[in-house]
Amino acid sequence: MSIGKRFGALLMCCAIVLTLFAGCGSGDNPQPQSSQFSSSTQSPETDTPAQPLEKKGPIVVFHPFPYNNVEEDWLKVQAALEEAMADNIALTFDFIVVPTDGMLEKLNVMLAGGEQLDLVVLNPGDADKYMTTPDLMMPLNDLLNEYGKDLLENIPEEAWIRCTNSKGEIMYLPAYRQWRWQGCAIREDLLEEQGLPIPTNIAELENVMETFKNAYPDMIPAVGLPWFSDPFLQGSQDSVASWMTDYALDADGNVVPSRTLPEYKKMIALYKKWVENGWYDAEYMSGNDESHALLWNTGRIGIWFCDPHRALDWNYDSFKQNFPDGKGTFLPIPTNEAGVKKFPISYGVGRVVWIKKDSQYGAEIVQYFNKLMTDPDFYMLATNGVEGEHWVDLGDEWALPEGVSSDKRPYSNLLAILSWEFRDNLKPARRTPRPEVDWVNDALNAEYASAELILTGLEGFMPDQEPVAQYNPIDLDTYLPQVIVTDVSIDEFDNVIQQWYDTGGREIVAEYTRQYNEWLEANK
Amino acid sequence: MRPHKSFIQNIVKYRYLYLMVLPTIVCLLIFNYYPLWGLRMAFYTYYPTKGFSGSPFVGLQNFVTLFNMADFGKQVYNTIIINIYKLILSFPAPIIFAILIAEVRQRHFKRAVQTISYLPHFVSWIVVNALLYALINGNYGTINIAMQSMGMTPPKWYVRPDLWRAILIITEVWKNVGFGSILYLAAIANINQEMYEAAAIDGASRFQQIFRIMLPCLVPTIIVMLIMQMGGMMRGNFQQVFALVGSNTPLYSTVDVLDTSIYRLGLEKNQFSLGTAMGIFQSAISFVLVMITNKIANKVGEYGIW
Numbered sequence: 001m002s003i004g005k006r007f008g009a010l011l012m013c014c015a016i017v018l019t020l021f022a023g024c025g026s027g028d029n030p031q032p033q034s035s036q037f038s039s040s041t042q043s044p045e046t047d048t049p050a051q052p053l054e055k056k057g058p059i060v061v062f063h064p065f066p067y068n069n070v071e072e073d074w075l076k077v078q079a080a081l082e083e084a085m086a087d088n089i090a091l092t093f094d095f096i097v098v099p100t101d102g103m104l105e106k107l108n109v110m111l112a113g114g115e116q117l118d119l120v121v122l123n124p125g126d127a128d129k130y131m132t133t134p135d136l137m138m139p140l141n142d143l144l145n146e147y148g149k150d151l152l153e154n155i156p157e158e159a160w161i162r163c164t165n166s167k168g169e170i171m172y173l174p175a176y177r178q179w180r181w182q183g184c185a186i187r188e189d190l191l192e193e194q195g196l197p198i199p200t201n202i203a204e205l206e207n208v209m210e211t212f213k214n215a216y217p218d219m220i221p222a223v224g225l226p227w228f229s230d231p232f233l234q235g236s237q238d239s240v241a242s243w244m245t246d247y248a249l250d251a252d253g254n255v256v257p258s259r260t261l262p263e264y265k266k267m268i269a270l271y272k273k274w275v276e277n278g279w280y281d282a283e284y285m286s287g288n289d290e291s292h293a294l295l296w297n298t299g300r301i302g303i304w305f306c307d308p309h310r311a312l313d314w315n316y317d318s319f320k321q322n323f324p325d326g327k328g329t330f331l332p333i334p335t336n337e338a339g340v341k342k343f344p345i346s347y348g349v350g351r352v353v354w355i356k357k358d359s360q361y362g363a364e365i366v367q368y369f370n371k372l373m374t375d376p377d378f379y380m381l382a383t384n385g386v387e388g389e390h391w392v393d394l395g396d397e398w399a400l401p402e403g404v405s406s407d408k409r410p411y412s413n414l415l416a417i418l419s420w421e422f423r424d425n426l427k428p429a430r431r432t433p434r435p436e437v438d439w440v441n442d443a444l445n446a447e448y449a450s451a452e453l454i455l456t457g458l459e460g461f462m463p464d465q466e467p468v469a470q471y472n473p474i475d476l477d478t479y480l481p482q483v484i485v486t487d488v489s490i491d492e493f494d495n496v497i498q499q500w501y502d503t504g505g506r507e508i509v510a511e512y513t514r515q516y517n518e519w520l521e522a523n524k
Numbered sequence: 001m002r003p004h005k006s007f008i009q010n011i012v013k014y015r016y017l018y019l020m021v022l023p024t025i026v027c028l029l030i031f032n033y034y035p036l037w038g039l040r041m042a043f044y045t046y047y048p049t050k051g052f053s054g055s056p057f058v059g060l061q062n063f064v065t066l067f068n069m070a071d072f073g074k075q076v077y078n079t080i081i082i083n084i085y086k087l088i089l090s091f092p093a094p095i096i097f098a099i100l101i102a103e104v105r106q107r108h109f110k111r112a113v114q115t116i117s118y119l120p121h122f123v124s125w126i127v128v129n130a131l132l133y134a135l136i137n138g139n140y141g142t143i144n145i146a147m148q149s150m151g152m153t154p155p156k157w158y159v160r161p162d163l164w165r166a167i168l169i170i171t172e173v174w175k176n177v178g179f180g181s182i183l184y185l186a187a188i189a190n191i192n193q194e195m196y197e198a199a200a201i202d203g204a205s206r207f208q209q210i211f212r213i214m215l216p217c218l219v220p221t222i223i224v225m226l227i228m229q230m231g232g233m234m235r236g237n238f239q240q241v242f243a244l245v246g247s248n249t250p251l252y253s254t255v256d257v258l259d260t261s262i263y264r265l266g267l268e269k270n271q272f273s274l275g276t277a278m279g280i281f282q283s284a285i286s287f288v289l290v291m292i293t294n295k296i297a298n299k300v301g302e303y304g305i306w
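These protein sequence lines are chains A and B, in that order. At position 13 of the first sequence the residue is numbered 13 (our numbering), and the sequence of numbers has no breaks. At position 152 of the second sequence the residue is numbered 152 (our numbering), and the sequence of numbers has no breaks.
FYI, nobody ran anything at the bench for these hints, they're computed from the structure. No residue lacks a Cβ here, since even glycine has one placed at the ideal position from N, Cα and C. Worth double-checking, as some hints may not be accurate.
Stated by the list, open to error - Derived pair list, reagent style DSSO-like, types lysine-lysine, alpha-carbon separation capped at 27 Å: (1) B:Lys50 to B:Lys269; (2) A:Lys167 to A:Lys357; (3) A:Lys320 to A:Lys149; (4) A:Lys371 to A:Lys149; (5) B:Lys156 to A:Lys106; (6) A:Lys55 to A:Lys213; (7) B:Lys156 to A:Lys273; (8) A:Lys408 to A:Lys320; (9) A:Lys408 to A:Lys327; (10) A:Lys5 to B:Lys13; (11) A:Lys357 to B:Lys50; (12) A:Lys266 to B:Lys50; (13) A:Lys357 to B:Lys269; (14) A:Lys357 to A:Lys149; (15) A:Lys357 to A:Lys55; (16) A:Lys76 to A:Lys106; (17) B:Lys156 to A:Lys129; (18) B:Lys156 to A:Lys213; (19) A:Lys167 to B:Lys50; (20) A:Lys55 to A:Lys149; (21) A:Lys76 to A:Lys371; (22) A:Lys273 to A:Lys213; (23) A:Lys327 to B:Lys13; (24) A:Lys129 to B:Lys13; (25) A:Lys341 to A:Lys266; (26) B:Lys269 to A:Lys167; (27) B:Lys50 to A:Lys106; (28) A:Lys327 to A:Lys341; (29) B:Lys74 to B:Lys156.
Stated by the list, open to error - Per label pair, the in silico range of CB-to-CB distance: (30) B:Ser124 to A:Glu71: 17 to 27 Å; (31) A:Pro156 to B:Arg40: 44 to 54 Å; (32) B:Gly51 to A:Pro433: 23 to 33 Å; (33) B:Ile30 to A:Phe323: 52 to 62 Å; (34) A:Ala429 to B:Ser124: 40 to 50 Å; (35) B:Ser124 to A:Val70: 18 to 28 Å; (36) B:Leu87 to A:Tyr471: 35 to 45 Å; (37) A:Asp494 to B:Phe211: 49 to 59 Å; (38) B:Val21 to A:Glu71: 57 to 67 Å; (39) A:Arg506 to B:Ser124: 58 to 68 Å; (40) B:Pro154 to A:Pro428: 51 to 61 Å.
Put together the whole structure using the sequences plus the hints.
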C-alpha cells in the first residue's frame, strides 16, 4: 500500500473518531455544590465585609411555558436575581425552557435518562400524572413549615387543597389566580343582524346555532374543544361530570372518573345532536386554539367555545382588521331547567411546581418562593424583569417601555414561575386604556361569580394513583368523541363505559373508593 | 495453514483498512448493540427514579398486561392491514414508475420527471400534514370547496375513519414513489442492452421486452426489497400516522398503529416497561417474518439476502 493511501486511511480514521466524539457532545454538567443553607456570614461586631455565600446550584428547572420570553432577556433577569439573593439564598439556576407542545414527552425523556432535574413546572392536571411514579416528588410539608411559612399563610386554603394528596402530603407549590378560562364567545353583531338576544339557556343557544346555519351558509355555527365547552355547559345539564372534573361520586358512593357517570351521557347526546344538525363542527378534535382563532378572525365561526379572553382580547386586533364593524361578546353561563346558573369549582391553581425527590436543593427552592412572596422588589424583578430595561417605574405604578406592547414583552414572569393574583396590587401596571377589551376580565369574573358552584363531594381528596398504575383501561378520550361524531347510536356510550370497567376500570374504582373511605375516616 | 494465523495475517495485511472501519464498528456497538441491553426494561416494572436495581423484576407480566390491553388487538390489526395494503399498492408503484421512466426516450423530459418525482420524499410529514389539512379540512379545504362547487357533498374527512387507510396509502405513494424508483432504475440500467437488441431482432415488441427481459432481471432486486418490506410488516409508519392523525381520536379505530401506541405509552404516559414490551413484540414478529421470507426466497430461486 502506498504511503499516500496509508496516510489517507489514517486521516479518514481520525476524521471519523473526531466526528464520533463531537457527536457525543460534552454538554455542561457542573457538579452540584453543597446545599448547606447558611445565613449571611456578616459579623455585626467587626468592620470586615461579609464573605459572599457559597453559591448553590445550579438548580435545574424544567419550564415548558416560554410564551414570548427571549433568552437573552431572561438571562439578564436571572443574573440580576442571583445577585439580589447572593447574600441569603445564593442560588444559581439552569432553566431548561421548552415549547409547551410535547412538553410531557420531553420531560419523560429527561426523567428516563436520569438527567438532573430539581424543579418541574406544569399544569396541575399534568402534574397529577406523575403521582404514579414512586420516589419522584418531594413532599413539601416539612420544608414549608420551616422555610415557607409566608407561602402557607398567604396562599388561600383552596389552592393548598388542590396540591395535597390523600395522605395529607403537600406535593406542589401553587400559583393562584381565579382566572376562568372555560367559556364561550359569540358574534354579537350577527345576533343583532338576526334580531336575536344573547342566549341564556341551551334552547336559545340551539336556536341561535340554527339561525346562523341558515343565514350564513359559509359559516360553521359553533366550534370548540371539550375542555372549554364541557365545564361551560355542564351546569345546564345539572351534571357534575365533565372533561374538567376528574373524579366524582357515583350513586353508590364509589369514586369514579366523572365521565363514566350516566349523567355524562346527556352531555354526549347534546354534542351528538349538535353535530347531526350541522350546528357544531364535527372535526373539532382535529383543531386547536390557533386554528380556531383563525376561523374566528376570518368570520368562519359564529360561536367559539374557548377562553373568552382569547376571542375578545388577545385576538381583538386581528378580528377587527377583517371586520371593523364586527362585535364579539361572551355568552353567559347557560341556565338549567330551573333557571339556575352553575359552574364547576375552581381552586384557582393554573400552574404548579414540584420538586424532584432526589434534589439537594428542596430547602433553597422553598426559600426562593418564600422570598418572592415577602420581598416586593424581588417579586417585581422576577415577574417584570430589570427596571429601566423591561419596565419603567412610575412611582405607584409601573409601565412597559415605550414601543413595547403587552403581547410582545421580551421578558415576563419566567423566573417568577408562579404568580399570585393577590400580589398584583404591589405595584399595579399602568395600562393604556383600551375600553374595547378592558371590560372583558371584570365582566367575566362577575359572570362566573354569579354562578352556583358545582361540587363533586370529593373536595379536599386527591387519589393516590400509584397503586393503580398497572391498570390500563380503554382511553375515554379516544372513545367518547367517536360516539359524538360517528354514526353510532348514543347508547354506544354505555358500551364504552362498560368496556372501561371491564378493562381495568373496576379495579381502579375499588382502589380509589378504598382510599376515599380511609381519608373520610381520617378527616372526621 | 492454521485458520487463526491466516486471520491474524489478514488483519496485519489490511491493517489500515481495518483501522479505517474500526470507528464505525465501535459506533455500531455503542449506539446499536449496547442499547439492546436496555430491552430488559420489558421484564421489570421500571421506574426511572429507581433504576433497574430498584425496580421490581416481573418476568413476562408486562407482556401479559400488553396482550390484555383493550386496544392492543386493534392496533396490531391496523398495523398489519395497513402494511398489507401498502404491500399491494405502495410496493409495486415504484417498480411500475421505474419501468415507465426507463421507457421514456426523451432525455430532458425523463430527467425532469425524475427530479420532480423525487421532491416529495424530502418533504417532512409535518409539512405533508399541513398540505393535507389545507386540502381536506371541512371548513376551507380546497377539495371540499371544489366538490361543493360541483354540487357534491364533501365528506367530513377528519371524522371518517373508514377513509383514512386510503389517505395514508395515497400520501405514502405520493411521497415515496419517486425516491423508491431509484433503486429499480439503477437495476434497469444494469441490464445488458444486448438482450434487448437480441429480442428486437427476434421480433419482440416493447411490452414483450419489458415482461420477458426487464422484469425477470429486476426480480432479485424486487425480492430483496420484498424481504425488507416483510420485515416491516409489524411496523407502522410512525412519522406519517403521528403527523397526519395526531391526537384526532375519532380516527384511531382504523389507523392507530403499534408505533404510535408505543409513543403514547412510553413518552406520554411514562409506562416505559409496557412500551418496551410492545417494541420487543414488534421486533420479534418482524424477525420471524424476515427469516421466513428469506427462506422462501431461497427456495424459490436462491434470491434470499443470505
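Status of the hints after comparison with the structure:
{"no.": "1", "hint": "B:Lys50 to B:Lys269", "verdict": "holds (17 Å)"}
{"no.": "2", "hint": "A:Lys167 to A:Lys357", "verdict": "holds (17 Å)"}
{"no.": "3", "hint": "A:Lys320 to A:Lys149", "verdict": "violated (48 Å)"}
{"no.": "4", "hint": "A:Lys371 to A:Lys149", "verdict": "holds (11 Å)"}
{"no.": "5", "hint": "B:Lys156 to A:Lys106", "verdict": "violated (33 Å)"}
{"no.": "6", "hint": "A:Lys55 to A:Lys213", "verdict": "violated (64 Å)"}
{"no.": "7", "hint": "B:Lys156 to A:Lys273", "verdict": "holds (16 Å)"}
{"no.": "8", "hint": "A:Lys408 to A:Lys320", "verdict": "holds (19 Å)"}
{"no.": "9", "hint": "A:Lys408 to A:Lys327", "verdict": "holds (24 Å)"}
{"no.": "10", "hint": "A:Lys5 to B:Lys13", "verdict": "holds (14 Å)"}
{"no.": "11", "hint": "A:Lys357 to B:Lys50", "verdict": "holds (11 Å)"}
{"no.": "12", "hint": "A:Lys266 to B:Lys50", "verdict": "violated (44 Å)"}
{"no.": "13", "hint": "A:Lys357 to B:Lys269", "verdict": "holds (20 Å)"}
{"no.": "14", "hint": "A:Lys357 to A:Lys149", "verdict": "holds (21 Å)"}
{"no.": "15", "hint": "A:Lys357 to A:Lys55", "verdict": "holds (21 Å)"}
{"no.": "16", "hint": "A:Lys76 to A:Lys106", "verdict": "holds (26 Å)"}
{"no.": "17", "hint": "B:Lys156 to A:Lys129", "verdict": "violated (34 Å)"}
{"no.": "18", "hint": "B:Lys156 to A:Lys213", "verdict": "holds (17 Å)"}
{"no.": "19", "hint": "A:Lys167 to B:Lys50", "verdict": "holds (22 Å)"}
{"no.": "20", "hint": "A:Lys55 to A:Lys149", "verdict": "holds (24 Å)"}
{"no.": "21", "hint": "A:Lys76 to A:Lys371", "verdict": "holds (19 Å)"}
{"no.": "22", "hint": "A:Lys273 to A:Lys213", "verdict": "holds (14 Å)"}
{"no.": "23", "hint": "A:Lys327 to B:Lys13", "verdict": "violated (84 Å)"}
{"no.": "24", "hint": "A:Lys129 to B:Lys13", "verdict": "violated (60 Å)"}
{"no.": "25", "hint": "A:Lys341 to A:Lys266", "verdict": "holds (17 Å)"}
{"no.": "26", "hint": "B:Lys269 to A:Lys167", "verdict": "holds (23 Å)"}
{"no.": "27", "hint": "B:Lys50 to A:Lys106", "verdict": "holds (19 Å)"}
{"no.": "28", "hint": "A:Lys327 to A:Lys341", "verdict": "holds (25 Å)"}
{"no.": "29", "hint": "B:Lys74 to B:Lys156", "verdict": "holds (23 Å)"}
{"no.": "30", "hint": "B:Ser124 to A:Glu71: 17 to 27 Å", "verdict": "holds (25 Å)"}
{"no.": "31", "hint": "A:Pro156 to B:Arg40: 44 to 54 Å", "verdict": "holds (47 Å)"}
{"no.": "32", "hint": "B:Gly51 to A:Pro433: 23 to 33 Å", "verdict": "violated (58 Å)"}
{"no.": "33", "hint": "B:Ile30 to A:Phe323: 52 to 62 Å", "verdict": "holds (60 Å)"}
{"no.": "34", "hint": "A:Ala429 to B:Ser124: 40 to 50 Å", "verdict": "holds (42 Å)"}
{"no.": "35", "hint": "B:Ser124 to A:Val70: 18 to 28 Å", "verdict": "holds (27 Å)"}
{"no.": "36", "hint": "B:Leu87 to A:Tyr471: 35 to 45 Å", "verdict": "holds (36 Å)"}
{"no.": "37", "hint": "A:Asp494 to B:Phe211: 49 to 59 Å", "verdict": "holds (58 Å)"}
{"no.": "38", "hint": "B:Val21 to A:Glu71: 57 to 67 Å", "verdict": "violated (42 Å)"}
{"no.": "39", "hint": "A:Arg506 to B:Ser124: 58 to 68 Å", "verdict": "violated (43 Å)"}
{"no.": "40", "hint": "B:Pro154 to A:Pro428: 51 to 61 Å", "verdict": "holds (52 Å)"}
Figure legend: structure checked against the earlier numbered hints; hints not met, in rising order: 3, 5, 6, 12, 17, 23, 24, 32, 38 and 39.
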